[in-house]
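A.B. asks: Got chain A sorted already, so can you dock chains B and C onto it with the hints?
Chain residues, written in single-letter form:
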Amino acid sequence: MNTRVDISSVAAVHNELRAKTPLVQYITNYVSMDIAANVLNAAGASPAMVHDVHEAGEFATFASALAINIGTLSPPWVEGMEAAARAANELGTPWVLDPVAVGATAYRRETVMALLEQRPTVIRGNASEILAIATQTRGGKGVDSTIDAAAVIDLAVELAGHTDSVVVVSGKTDVVTDGQRAYLVHGGHDLMPLVTALGCASTALVAACNAVEADPVAASVAGMAILAAAGSLAGIRADGPGSLRWRLLDELAGLDDAKIAKHIAVEAL
Amino acid sequence: MNTRVDISSVAAVHNELRAKTPLVQYITNYVSMDIAANVLNAAGASPAMVHDVHEAGEFATFASALAINIGTLSPPWVEGMEAAARAANELGTPWVLDPVAVGATAYRRETVMALLEQRPTVIRGNASEILAIATQTRGGKGVDSTIDAAAVIDLAVELAGHTDSVVVVSGKTDVVTDGQRAYLVHGGHDLMPLVTALGCASTALVAACNAVEADPVAASVAGMAILAAAGSLAGIRADGPGSLRWRLLDELAGLDDAKIAKHIAVEAL
Amino acid sequence: MNTRVDISSVAAVHNELRAKTPLVQYITNYVSMDIAANVLNAAGASPAMVHDVHEAGEFATFASALAINIGTLSPPWVEGMEAAARAANELGTPWVLDPVAVGATAYRRETVMALLEQRPTVIRGNASEILAIATQTRGGKGVDSTIDAAAVIDLAVELAGHTDSVVVVSGKTDVVTDGQRAYLVHGGHDLMPLVTALGCASTALVAACNAVEADPVAASVAGMAILAAAGSLAGIRADGPGSLRWRLLDELAGLDDAKIAKHIAVEAL
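Order-wise, the sequence lines are chains A, B and C.
Residues 1 to 269 (the working numbering) make up the first sequence, in order.
Residues 1001 to 1269 (the working numbering) make up the second sequence, in order.
Residues 2001 to 2269 (the working numbering) make up the third sequence, in order.
Extracted from the complex, chain A is given alone in its bound form:
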């Protein structure tokens, strides 16, 4: 028996985000940089894509949150990721790991395993990626999920318990769990998976919300819910993935408490 949750905490985190414009350092893949930076900007955060080991750690010492995404991986970038994660951990800065297509190659699996040892505050992936981490088996097709988030709820709860990270599984319905509590976020639009890298952008938003909200579960629910609300709104008038993308940015910038209340639902499991 599930319980509908008052979404006022999502609105509160959203208002904090707009009030504080936190600086979010995002070490991410080339494909997602444009949309992730624009999503952060539109939602009220201040994005900075600083990746190289010569400065990534130093930058992380004054960023309000950090996100690390392995979409387009190479050794110099992995060095920067590790330095930034270390710096974030030393200062207690929240950081989010996005294990893009982790099941696809040995290099991805190794990189993710090394980053998991640094215990990210949050792991945000699609169902295939969370499944791949949880089972350490090869899964997923490219970077898109071929299974639904709801199908991996139990695995997500187990993974969160095991890693001591909050686990966020994105999909038609998003799952957020710290191993004890588990929430579903309903919202969004069917066109969203056709816009490349919105998953990567959601990772950035989750990081931004963790910068302004101390409870990583509440923050992560808010991050996913903000994107879902804007996506639902954008989908009303979108004619395809091209128009959904720019409408999503317009809706993010114009989001308010009433729209959040109307366009998403959060459910406690």
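Think of the hints as simulated: they come from the structure by calculation, not from any bench.
Don't take every hint at face value.
Stated by the list, open to error - Pair ranges (Cβ atoms, derived):
{"id": "1", "chain 1": "C", "residue 1": "Met-2113", "chain 2": "B", "residue 2": "Glu-1110", "range": "29 to 39 Å"}
{"id": "2", "chain 1": "B", "residue 1": "Ser-1008", "chain 2": "A", "residue 2": "Pro-75", "range": "43 to 53 Å"}
{"id": "3", "chain 1": "A", "residue 1": "Pro-75", "chain 2": "C", "residue 2": "Ala-2114", "range": "17 to 27 Å"}
{"id": "4", "chain 1": "C", "residue 1": "Asp-2190", "chain 2": "A", "residue 2": "Asp-6", "range": "28 to 38 Å"}
{"id": "5", "chain 1": "B", "residue 1": "Asp-1215", "chain 2": "A", "residue 2": "Pro-76", "range": "38 to 48 Å"}
{"id": "6", "chain 1": "B", "residue 1": "Pro-1075", "chain 2": "A", "residue 2": "Met-113", "range": "22 to 32 Å"}
Every residue gets a Cβ at the ideal spot worked out from N, C-alpha and C, and that includes glycine.
C.D. replies: Just chains B and C, lined up with the frame of chain A:
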């Protein structure tokens, strides 16, 4: 005397593409990544930009097609390109080479010559680039074509015969030839060259079609025709390059047999 | 007492730009590549993002202008930047430096100081960045400006005199000065800072205008004014940062003398 070709094979390849959502590995320049991934996604394929030598070859062993674009070149990327091309060749996976601005620098010429030795299934360039490869002379202005595709038909036929690759020359009218057969694809819109990297995106679509159609000429005609049809449709209501870009993605996602039949023409030479 | 300047020289530079379509080499950060290339294309220039030391210097020998942006810095890119700046200087090709977030890390400060020794034709930054260079102190929050351009006019004039570069400070009102003359460019729209990397795109436009106009002050005023005019026009019907972005590209492509005259103002100090 040219012959108008029944475009039903374009529609057939397009339907195959949507049915199979092939995984397309695209090692491409930074400028094109966003639009190329979104074009692949909107057209029904599954994009993955995996470039580094630590995983590019491994990834190519399970990708359905590979494309390699030299737009923003550097030594680590060239290593990844060569490893991926080798892996594709070992498994008979089709791959497409996009020799962006090949005439501009010695480094580009050398890189393209080395990749040509691995015999790509398809070479896709604009007229200046095909001319530069065919004549090994310096040509082209930046990455844009300053001559028309039609002017290099004979050179394209000769290059295809010589390299044993299908050659695709993009332009106002596209040329596709394997040295024996040659086709012209009519369609598209005058605003398309003002949208950066649509040529790079066409390379990705050609790769995607080669993943689902065994005849590389038919596949390449279909790839260029799909983009041209969506471009023609997008141009109807576009007010400039900004609106053309997102409308093109909307039209790609909504393309069907009737629209293809109405908005492009394929001609056999 | 300020003087309103006849904006006919902006229109003249704009028409030269469209007539000559200069090749602009832009070594820039990953986040900005898409929008910067599309802005150059829409405004009439020919963009080329060629960064690696194996070809960046060679490419700069035939580019009409060069721009260097340190947004996503790493050692191989710094090598390419230095080689390209040297090649530009040897041939007297104008080049523009964009010191993104220079105050944030030691690596950025060092890189900018080394590039300044090569005396860029123009330095284009926001107020925080210009302040950071001028005072060599840590300033700025991420890559966004937290202070207004007008507040640093005196510092900009001093920096221009000291470095022998034209200094452009972008903001709600832009400042352009060579240490002797100083101009303000009024125009643009409040939504522009919410679109990521429009500052980086303005750097590219300033470079493009310097390719067709020998006076770097007049060229830089024109570059900033062209973007401001298109931004003002785009803002009329934009509903947020997503729609502003594509409308800006449409407006850039459709800009003419009358629109420039109506939508910006240039003031001599």
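A.B. asks: Each hint should be assessed against the structure and marked as holding or not.
C.D. replies: Now the hints, each set against the structure:
Distance hint check for Met-2113/C and Glu-1110/B: the Cβ-Cβ separation is about 34 Å, which falls inside the suggested range of 29 to 39 Å. For the pair Ser-1008/B and Pro-75/A, the supplied restraint of 43 to 53 Å holds, since their beta-carbon distance comes to about 48 Å. For the hinted restraint 17 to 27 Å between Pro-75/A and Ala-2114/C, the CB-CB distance of approximately 25 Å keeps it satisfied. In this structure, Asp-2190/C and Asp-6/A meet the distance hint of 28 to 38 Å, their C-beta atoms being roughly 34 Å apart.
Remark: the range hint 38 to 48 Å for Asp-1215/B to Pro-76/A is upheld by a beta-carbon distance near 41 Å. Checked against the hint of 22 to 32 Å, the C-beta distance between Pro-1075/B and Met-113/A comes to roughly 28 Å, which is consistent with it.
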